[in-house]
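**Q** Chain by chain, the residues run as shown.
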Amino acid sequence: MPDVTFTVDGKQVTAPAGTLLIDACKSAGLEVPAFCYYPGLSLQAACRMCVVRIEKMPKLQTACTTPVAEGMVVSTETPEIAQARKATLQLLLGNHPLDCPVCDAGGECELQDMTFKYGAGESLYAEAKNHREEQQWSPVVFFDRPRCILCYRCVRMCGEGMDVFALGIQNRGSSAVIAPNIPAQLSPDHLAHLDCEQCGMCIDACPVGALTSGAYRYKTRPWEMNHVATICTHCGDGCKTTLGVRSTSDGAEIVRGDNRDKSGINGDFLCNKGRYAFDFANSAERITSPLVRQSNGEFKEVSWEEAFADAGKKLRELRDARGGSSIGVIGGNRLTNEEAYLLQKFARTVLGTNNIDHHRTADYVTFAQALAGQQGRTASWRDTQSYPAVLLVGGDPTNQAPGTAWNLRTDVRLNKARLYVANTDEIKLRRQAKAFLRLAPFGYGALAAYLTGDAASASNAAADNNALESFRDAIKAEEKLLILIGSELRGADLKRLIEFGLTIPGAKFALLSDYVNSRGAADMGLLPDMLPGYVPVSTPGPFAEHNAPTTNGLDMLQIFEAAGRGDLSALYVVNSNPISRFNVDPAALKDTFVVVQEMFMTETAKLADVILPAANLYEKGGSVTNSYGDLQLVRKAADRAGVRTDFEMIVRVADKMGADIKSLVPFGKGLRADMGQSRGAQSGEADRHAVWLTANNLEPKLSPFDPWAILDEIQRLVPGYNLLRLQLLSGNDQHIEPEATASSSPGRRDLVLPSGDTLFTSGTLGRFSPALNDVQRYQGNEPLIQIHTAAE
Amino acid sequence: MPTLVSHPDEVKVISRRFGQGAAEIDKYLELDGYKAVQKAIAEGPEWIINTMKASGLRGRGGAGFPTGMKWSFVPKQSEKPKYVLVNGDESEPGTCKDHVIFLHDPHAVIEGTMIAGLAIGSKMGFIYLRGEYRYLLKIMEKAVADAYAKGFLGKNIFGSGVDFDIVTQSGAGAYEVGEESALMESLEGKRGVPRIKPPFPAVVGLYGGPTVINNAETIASAPHILLMGGEEYAKIGSERNGGTRLFGISGHVERPGVYELPMGYNLKKAIYDVAGGIKDGKKLKAVVPGGSSCPVLLPEEIDVGLDFDQMGKAGTMLGSGGIVVLDETVSIVEFALRTIAFYQHESCGWCIPCREGTDWIKKTLTRVYNGGGSKKDVANVQYLAENMMGRTFCPLGDAAAMPTLGFVKKFRKEFEDYIEGHKAGTPIITVEQLVGAH
Amino acid sequence: MSTITNSIFTPETAARFDRLVTLYPVKRSALVPMLLYAQDEVGYVSDAVVTEIAERLDLLELDVRNVLSYYSMLRTKPAGKYNVQVCTNISCMLRGGYEILDHCKHKLGIGHKEVTADKVFSLEEVECIGACCWAPAMQVNYDFHDNLTTVKVDEILETYRAGQGKDVK
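Chains as they are written, first to last, in numbering that gives the first Met the number 0: chain F, 0 to 791; chain P, 0 to 437; chain C, 0 to 168.
Next comes chain F alone, as it looks inside the complex:
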């Protein structure tokens, strides 16, 4: 739309025609207050706080519903407007409980802020306030009705944003109330409840303390927490979550997770896992002391020194005696890139083995190879909320990547994007789809073949041939198409689908995986045949300096087969639970020396000879790469006495094995001269200076436990990871494109095992989250959840 120019508070402002005045003002740096307005959700004009004076209009106008027009003259702060806002606040406060001293929202409340600004200090009324008891709508959502100002943000967030429609408005006038979808009389405990996705977006949207989080309620005050923005450890979307952290006697506990400043790649969105499922970190079941198995078969708590020495000595002996190729290494999907890189480097250069793998939840090797030589063909997660057309083949983002589902719904709702969904199941996103193609069971490969011109595959792809044909024709007619691929597509099928997509000039691709750094684990070479950046083991190219073995190692299943044969002398597991995930017979490991870095006594940890208690993603710094290849900063939030980062433990074990730490972690580089003396007199400047130093690769990196030292090497050696440091350190996302070489490895197994997580599970980790368990139990409560709701 063409720009129009108008005047706000005497200032010339230009904005595209049709922009809402409230948004145009904001862009010009003029904040017009509002309760009910929420960008991207439908307009309400209900709170009347955004009233402004527009010349030639008889009454005050709401800025949230007025599109800007050429020559418009607007005042946003005059005595008349201030009085209108004050009067509205007085009316709200009349019945507001003013229990701010104990309210969760106290200090973060829009009603408080506006009252502070416009003043409504005098109470005009003598009548008693209407009181209603607080209601618990679900394990994680509480509703305190007297605090509610009826802005309807929650209702819209749930319906328009989440496509759940679990909240409504009932009664009218001063009795009007927000109501959940299970009325008291239909509930087994005669209390109103919510049957929904438990995402907590309603709480997030609430401008006051009416909707509060079951996880955070009455725990602390916002100003008593440190707020650390980091990346959620759960699914492959990699949302920014802000963790509220408070000191305890044994570290720092996480009290709250939320989307505090909405500055992340996830925009307004955060799902229940990002919001509540941080609590595994505070679990009493955490292992907080190194454990070494004794000759009687029992674990014994030992000192760190003893544990590292024990592991290091034994690994060295076994390597020297039986060769590196007798050792297997399994990494995790929730490690940082730096840790994953370090782990494979440790395996290849210290243990001397390519027997390294991780639980693969998508076939990124094929993905990278199929796109070899292409530029600008991989999609950022950001593209999912702006692309004009999206093809989703396989996957169920609503459950597996809720942020992706949110973006797709937003794209359809706000940009009228055309969404095409092909799936063997009736996934929920079909409700936003322009076309939904129901595939035959296991029909993904046939669909890929059909799309590349194999007409004979049609009958194996979908039962309805006409639907199949028109679906294909519709996507072929798109010029800019985002192709989102579920983990069902692997190997040759995936390759074929991408081959088809490449015939569409404006197509971009993304492959969805299951955990925060599943993509990073693959990118960083936790693979038996691929070095970081999908460089084949046989032709190490930039990695030749490591002098690692050049023959492919054993993959995940081969490692356990070798163990079963008695050929595996040692197994080193970092943040993974393969025994449970791959259903391995524990007896297979009876003759193998097992070292496990883990938080909890998992099925795998139980078989260990040495357990090294590990910190989780919320207790360390580094970077992670989401499903799409968007690289983001992980910041240390919490702390727990008795655990160490996987990074440190790998280095310590390598040290005990006698490895040259300086070549494993190239620390000590950078500007040696700067030890802080040039940082200025004011302490406030120190941080900025440190950021600048780090960004320019000049920070001292004084210890071998500094992940940035490995990031230097990643930047230097891994194809595609030519990242911008300042972008990373500022907490912004940046898109990384793998630069693989097209190479075919016949007989290569993709070994993809989708985790099959739901909204309320998160692999082994999820089992240790009380919040997830509560919500799962709650949503599985049949007598409660029996009425017709949209949440399917």
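Simulated from the structure, these hints should not be mistaken for laboratory data.
Source: prediction; values computed, not measured.
Note that CB positions come from ideal geometry on N, CA and C, so glycine has one too.
No more than 30 Å apart at the CA atoms, straight line, and that leaves these computed lysine-lysine pairs for DSBU-like: (1) K128(F) with K112(C); (2) K85(F) with K408(P); (3) K26(C) with K154(P).
To give a feel for the contact side, a few chain P residues facing chain F, derived at Cβ under 10 Å: (4) C347; (5) G356; (6) W359; (7) T363; (8) G371; (9) N379; (10) L383; (11) N386.
Use these hints to put chains P and C onto chain F, whose structure you have.
**A** Same frame as chain F, but now just chains P and C:
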């Protein structure tokens, strides 16, 4: 059954067929029924709209928007179907004029709906009656069925090649639904909360299609106007206020009832001559001239013409034409409380100033009424009402604030005296009743 | 034939609802009248009514409850067989509306929104019912009674109690 009244000053246009059994279609036909629609078909949309414009007919719901102009705003071309929506959600206290139209002349509403449909190029009309008017809905339903049976509705009406359907609809108790966009919401099966305007219904209305929404009396006037001619109709009324209007005179008068008087007729005459003066020879205290939302007039202010412009000049409104007469026994404090209690009950709750404002004014006045008031409360009520005026999402906030402001400004002393224990008038409502009902 | 198996409504009402949804460009439009007609038959809008209407209109039960709670004529608890609704709004108030209400309370021995023990009558104070010029007025179910006096109210209540009152639905 409502009693019919008459007075020599009446000019019977809309009420021409009242009391003659015109609810029966044959009788209606005998009394020139369905002639106007046939004329409309013969003359075409432009003629209809020009005639309506010439008639000076202004919306009888209360806002007084010129009907011809409203119809002309509907775009000629539209991708979505266009609709006619008849507002029979008559709910403004003091108003019962549509009641008698539905009762005595239902076919005039049908014929008017068809004419509006022809004017804007719509093929479907809805006639929405408030839920309480079930017996009138039955009458309307029968009239519509009879019209279908005669072939007047449905396919190819009167051989015009045009189809037109009418659906009658029942509300279920909500004053707010009388607001045109809330009416559309209700008809779409939703809560009766108004819509954001613009877009106006003429552009985006019912089911997203261009929609003309008219009050039942407005619609029922259309056939008469087409038959008598716009100019003729205009001549009956006053300047820029064409024709006649049904005025419902209620309260303390000798002969309450619905009278059809020319626009601009003198209010004082309407009360003293037409309605027979103040009941039982008492003294007049005040007049609420156009339904409960209109600011009150003092006895010395009622020598004024009953049309939109003159009433506006007098600082009040013509509103829905429901004239409520208060004699000297009335306590204004009580009357103000009863008025705000209604708006508090009917506020849809959507926006803060109306939802909270009506509630707090009611609470404050209740306390004052119960003897717990202080002088500050009068100022406070005025402050609340002033801060509702023009600030709410829809006109209901104004409808509640305007009469309140009228009462506290014109009867301030009575409020203050009341607070000090000198109660004027004879309060009727008991404290128990106040607690019980609302 | 009803489109709903095991409808809770009588076959006539079910058939009427089947037809009702076909009248509008969007079937949700039938919601408000359907709720009222269902109430006429069942006596109130029960949970079963909500469930069936939601099903008929492809709505969530929550949608139905949101709408239902908005309209003052719709109730979620049973009323008496004859629901006496006395208007006390301004025009009626000026001509004795409160006196009529008080009289009904006395006569029936119940208060606002209460039901007599024999469930024959319930009482409600209502807002303007559009009978201002014939005030005071009340409705018994849907039937209007105007120009009321206490004597007239007694007669009307007696007629209903004797089962001879009109009861148009």
